[in-house]
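S.K.: Per mature numbering (1 follows the signal peptide of the UniProt record, and there is no 0): the sequence shown = residues -21 to -1, 1 to 313.
Think of the hints as simulated: they come from the structure by calculation, not from any bench.
Computed from a predicted structure; not experimentally measured.
For each residue, glycine too, the CB sits at the ideal point set by N, CA and C.
Be a bit skeptical, because a hint or two may be false.
Derived Cβ-Cβ restraints for the label pairs, each shown as a range [said to hold, decoys possible]:
| hint | residue 1 | residue 2 | range |
| --- | --- | --- | --- |
| 1 | Pro229 | Val200 | 35 to 41 Å |
| 2 | Glu31 | Asp197 | 47 to 53 Å |
| 3 | Phe297 | Arg80 | 44 to 50 Å |
| 4 | Asp302 | Arg80 | 43 to 49 Å |
| 5 | Gly199 | Thr61 | 22 to 28 Å |
| 6 | Tyr91 | Phe297 | 40 to 46 Å |
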Amino acid sequence: MLKNRFFILAFAVFLAIPVWADSSEVMPDSGKSALAPLSDSLTSSPFWRDAEGDYRSEDPGSDSLQIFSPLKFGGMIALSATAYGAAYALVFAKGWWDDERSHFHFENDFDYAKNLDKAGHFAAGVFLAEGFYLGYYWAGLSEFQAYLAAGLSAMSTHIAIDIKDGFAPKWGFSIFDVLSGTLGGFYPMAKRYVPFFKYIDFKYSYWRNSEAYWRETDTGVFTDDYCNETFWLSLKVHRLLPQSARWIWPSWLAVAGGWSVSPSTFYKKKNRHVSKKGHHEFYVALDYDLEGVFKPHQRWARNVVRMLNYIKLPAPTFQVYPDVKFFLLYPIKF
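I would like the entire structure built from these sequences, with the hints used as guidance.
M.R.: In structure tokens:
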């Protein structure tokens, strides 16, 4: 839905926080993080992440050096308020909240985009939480506190937006939209602290193969163009293998499953002779784990790679439903 414009704007603003300019920068010529404890343990080594495959956690001992800064926290709040204000002025008020107000009501739109919009709300929660985390950690919260606050902030954002939706005649408060966004908001925290999530990555791809959405709707924003979007779960095969067998599979090569919808999902029934409006599409593809490619150790590099790793790059792909097809560089279809 149009509310996804807000998430893109907010995420872009949050990423402007220069979190890598703090004391966690790697010291020149030392080969070690400035926050790493001075010991000979595995986690003291600048290369321990290669053995553990952990490129998300902060450096060992970093929490003990975190000092909460009211000034930085206030700056982050001001930046957040600026993002919200700009989003409201540029997107919400003119996008779909300019309609006449109605009484508060619920609307669980299970037909829209074959429910792929729920994956979109999940993705929005993920991106918001990543941005919030960087801001909270920069302001001096501990790693755990920053992840928790980021998840709660993403959840609160979704609730606030859907409450406003509840008063819009054409929309309504959607419990499942909020739930999807909340789960996305806590996904980065799960990636950090739940072992199972260290073996999977959530990813997103977009390529404009069809004009169906742009012809049939009047919203005009690519985040609603679900027939050209695909949401992925990427499996880190290398990490799943026993240590003795990992030489078989490259650390940078993953296998992903994707979910999208057909262009006919957006066809208007009065203009199309179709008995059923749209269908799901499922894909199996090779994928590139950028953490395995670059193996970043400096904090700024880990942040950059972590963000880029949410993008599913073009790769050989099989569509497995509803028809079996092969694409050399999906999402580009040729």
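S.K.: I want to verify a distance hint. Is the separation of the beta carbons of Tyr91 and Phe297 within 40 to 46 Å?
M.R.: Check failed, 27 Å falls outside 40 to 46 Å.
S.K.: Measuring from beta carbon to beta carbon, are Phe297 and Arg80 in 44 to 50 Å?
M.R.: At 48 Å between Cβs, range holds.
S.K.: Can you tell me whether the CB distance of Glu31 to Asp197 sits inside 47 to 53 Å?
M.R.: holds, 50 Å
S.K.: Taking the CB of Pro229 and the CB of Val200, does the distance hold inside 35 to 41 Å?
M.R.: holds, 37 Å
S.K.: Does the Cβ pair Gly199, Thr61 satisfy 22 to 28 Å?
M.R.: Hint holds: Cβ distance 25 Å, inside 22 to 28 Å.
S.K.: Starting from the range 43 to 49 Å, see whether the pair Asp302 and Arg80 falls in it by beta-carbon distance.
M.R.: With Cβ atoms ~45 Å apart, the hint holds.
Hint compliance for this structure: hint 6 is the single one not met.
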